[in-house]
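Top line first, the protein sequences correspond to chains A and B. All the letters of the first sequence, read from the start, carry residue numbers 1 to 207 under the numbering used here. All the letters of the second sequence, read from the start, carry residue numbers 1 to 648 under the numbering used here.
Hints should not be assumed to be uniformly reliable.
To be verified - In the DSSO-like style, the derived pairs of lysine-lysine whose C-alpha atoms are separated by at most 30 Å in a straight line are:
1. B/Lys578 with B/Lys618
2. B/Lys561 with A/Lys117
3. B/Lys561 with B/Lys401
4. B/Lys618 with B/Lys639
5. A/Lys116 with B/Lys615
6. B/Lys331 with B/Lys290
7. B/Lys363 with A/Lys136
8. A/Lys117 with B/Lys639
9. B/Lys567 with B/Lys616
10. A/Lys117 with B/Lys616
11. B/Lys363 with B/Lys242
12. A/Lys205 with A/Lys136
13. B/Lys524 with B/Lys594
14. A/Lys117 with B/Lys363
15. A/Lys116 with B/Lys618
16. B/Lys326 with A/Lys127
If you are wondering where the hints come from, they were derived from the structure by calculation, not from laboratory data.
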Amino acid sequence: MVDESKVEVNYDIVIAGMGGQGSILASYLLAEAALIDKLPVLSTGDYGMAQRGGMVTTHLRLGSSARSQKIPVGCADLMIGCAPSEALRNIGFLHEGAAVVLDTLVHIPIPVYIDKKLTYPTFDEIKARFDTSFEKVYAIDASTIAQEFGNPRIMNTVLLGASLALGTIPISRAAMMEALESKLRADLVQINIDAFERGEEEMIKLL
Amino acid sequence: MSRADAVLDAPGTRVFLTGNEAIARGFLEAGVGSVSSYPGTPSTEITETLVMLAKTYGFYTEWSVNEKVASEVAIAASISGLRAVTTMKGVGVNVASEPFHAFSYMGVRGGLVLVDADDPGCHSSHTEQDNRYFGREAHLPVLEVGSQREAKDMAAAALVYSEEWGQPVILRTTTRIGHSGSDVVLGEIARQSRKGHFLREPNHWVNLPANARRMRAELIDRIAKIQIAVNDIPFNSIEGPKSAQWGFIISGAAYGPAMEALSLLDDEHQTRQKVRIFKLATPFPLPTKKLEEFIDSVENVLVVEELEPFVEEQLGAMANRLGYTKRIHGKDFIARTGELSTMALTGTFSRVLELPDPFEDSKALELMKSVQVELPVRAPILCAGCGHRSVFYAMNVAERKLLKDKRGGDEGFVRPSDIGCYTLGFQPPLTAVDTHFCMGASIGVSTGFAHFIDNSLVATIGDSTFFHAGMPPVLNAVFNRANITAIILDNQTTAMTGHQPHPGVGSTASGEDTVAVSIAAVVKALGVEFVREVNTKNLTGLIDTIMEAVSFDGPAVIVAKGPCIVKYNRELERAGTKIQRYYIDEELCTECGKCLRIYGCPAMYRLENDTEKSKKWKVRINSSLCNGCGTCGHESICKFDAIKPLDD
Chain A
1 MVDESKVEVN
11 YDIVIAGMGG
21 QGSILASYLL
31 AEAALIDKLP
41 VLSTGDYGMA
51 QRGGMVTTHL
61 RLGSSARSQK
71 IPVGCADLMI
81 GCAPSEALRN
91 IGFLHEGAAV
101 VLDTLVHIPI
111 PVYIDKKLTY
121 PTFDEIKARF
131 DTSFEKVYAI
141 DASTIAQEFG
151 NPRIMNTVLL
161 GASLALGTIP
171 ISRAAMMEAL
181 ESKLRADLVQ
191 INIDAFERGE
201 EEMIKLL
Chain B
1 MSRADAVLDA
11 PGTRVFLTGN
21 EAIARGFLEA
31 GVGSVSSYPG
41 TPSTEITETL
51 VMLAKTYGFY
61 TEWSVNEKVA
71 SEVAIAASIS
81 GLRAVTTMKG
91 VGVNVASEPF
101 HAFSYMGVRG
111 GLVLVDADDP
121 GCHSSHTEQD
131 NRYFGREAHL
141 PVLEVGSQRE
151 AKDMAAAALV
161 YSEEWGQPVI
171 LRTTTRIGHS
181 GSDVVLGEIA
191 RQSRKGHFLR
201 EPNHWVNLPA
211 NARRMRAELI
221 DRIAKIQIAV
231 NDIPFNSIEG
241 PKSAQWGFII
251 SGAAYGPAME
261 ALSLLDDEHQ
271 TRQKVRIFKL
281 ATPFPLPTKK
291 LEEFIDSVEN
301 VLVVEELEPF
311 VEEQLGAMAN
321 RLGYTKRIHG
331 KDFIARTGEL
341 STMALTGTFS
351 RVLELPDPFE
361 DSKALELMKS
371 VQVELPVRAP
381 ILCAGCGHRS
391 VFYAMNVAER
401 KLLKDKRGGD
411 EGFVRPSDIG
421 CYTLGFQPPL
431 TAVDTHFCMG
441 ASIGVSTGFA
451 HFIDNSLVAT
461 IGDSTFFHAG
471 MPPVLNAVFN
481 RANITAIILD
491 NQTTAMTGHQ
501 PHPGVGSTAS
511 GEDTVAVSIA
521 AVVKALGVEF
531 VREVNTKNLT
541 GLIDTIMEAV
551 SFDGPAVIVA
561 KGPCIVKYNR
571 ELERAGTKIQ
581 RYYIDEELCT
591 ECGKCLRIYG
601 CPAMYRLEND
611 TEKSKKWKVR
621 INSSLCNGCG
631 TCGHESICKF
641 DAIKPLDD
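Okay, chain A solo, but in the shape it has when bound (with noise of 0.2 Å):
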């Protein structure tokens, strides 16, 4: 049932994001990714009022040796930041030589445009602030390019598709397709896998 080889894999994922952007939904095929690969998966959601464009924080857990649902403070791998300002609210999750993936469109909360005492920190504040503690911070610009696709929902596709072109997850990118392809509602498929490329590609630039 789980491969026996990779049960000292340990590869921790926080998705940061809000409330209809499909971080919970990436988890799920990321999971299920795993699952493909006979990996044991843990993950956790905080998603009480998602739907109402409040905070989602996605914790996945590749590998056996995890207990705990949450991932512990410091010790992530890989956060994907479908919304930049909620990756920098998590920032604390992750170690010192994680990795970042970001969509670079900032999502402004309605409360910061009524109260004049608040400010929000604009994308290139939330890059350099990641920047001064991690070295590998990779902006992609997901929303726009699920806009030129036409449809903006599969931002989070493109932002999965970079993220697996790290290299360091320990899915295969043959799992990720299979999952791609079998979890998602058939007329969503072929997009899905062109954002899913199209993601790829921008991190190869990138690397």
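Starting from the known structure of chain A, fit chain B onto it as the hints suggest.
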């Protein structure tokens, strides 16, 4: 991707399931005969999954009107000999309290499991209520799920144990368990084949005092027997060396973080040799014999449990009875609020084991803390196009107009609200919620305030919540002459929990047609004279009707009708119908920014955010977020008529 498919894979397959899906599969594997529930996060997905499978596997499911009725349906199934399940959020157990307290005396025929989904950390609930106490008070054995990997087997076992023990059983989960996923190996599905049959046993099913006195003695006896039985169930397990310096008794969802914390400390310090673990699955009744043996094998005891010192206190009493001199540690080391994290438990364990804490001076932690200060919280807000926004906005306008005209008191409205999406009317710029605490209380407290304060009372309550607990307080307003206005937000679904049907919808959980109960007809029948229905897209109508209702002498009800826009648009998209969205005409826009600042629709944004000093507000509508309600074009929001239907 239908999640029900994953739940249905073949026996022996390893699949990825959330804790809630795994629990649903567990009930399938135990031959469940009836599932009746009221939705509530974090429990909803259990029944939602089973609803999709009921027809195929020949069992009964329903979304009931509230947790009390759901429990009574489950009790009827049990009395009829079927295996029965009811699922609810932790605070929902309060509503189910009376039938369970009584049925506990009577005992079950078919196994009966109450799934109680508690919420340490208040992710989506208004209290952190620890329902292990409810189990003990009502004499219901509590099985506590310690990881989503064991959730399936424990759910199946709970139905079997309930039948063996003759007692309803609580399966207690938490948000963390229900909303976490893992690989799970599936077992055989047992297709339920029982036929419901009523055995006339008046001395058993009629809980009159004479019977109750006898049954209480039988109940105490039954619990004593269960107390012995739980020593031998596999979910209560011991791991680690045969004897140790420390014994950790770990209850429920604390198990994962606790084991991770131990492994973080283990590498250098051989912690595993110093600690023996008791993984406790039955906080009530405690497996006392097994615990005694465990406590005898260790020098010191630490109880690791979330929330209240429930196990710790019972162990203290047990230790006293047995004359132990060993101190039982617990909440002297471990927080009583929120979830227990790996980091917090690593700190605790390093202190009790006198080891350095790897998280002390953690750079990551410092970084995390410094970022929180800079970033405003992204609070959940009402969706773009939500009809609730129109209502709250109209309330604010009506209040201002009445105050200006010196009608409706000089102190403005007091606006009690209720449990549902509309609680988010609390957020600025609407800021239209003054009290909020339990199902139905918006109208209930209003009928009280009406006798004590001079303000006009305008309560808001959703349709599903009205049917759940809102009808008695409307009756109370009529009966006790409370001059209130209640706005019933009728979006034709139970939106907050993911769009379950309710009595006003016209279809059941399984999609069969049924009567669509009219809220207006109900409140008229309850004796309310002033009843109006208004569409939520009609802002002028809402404002005028609220002013009229508040000015009316006596209880007034407005039914604000407009479908949940998320559900409605999803159906339009599936049907291939275009959604009419809106844009801001740059030539007509004076860049005053009023629309964004007073209406707060999340589809709107401001260009050039980085020039904060600019007085100009170049507001735009993100067409991929706009849900097309069109209310932002109302003259009170944009008097320049700059918000137009998008023609593409």
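Exercise for review: Run the structure past the numbered hints and jot down the numbers of the failing ones, going up.
Suggested key: 2, 9, 11, 13 and 16
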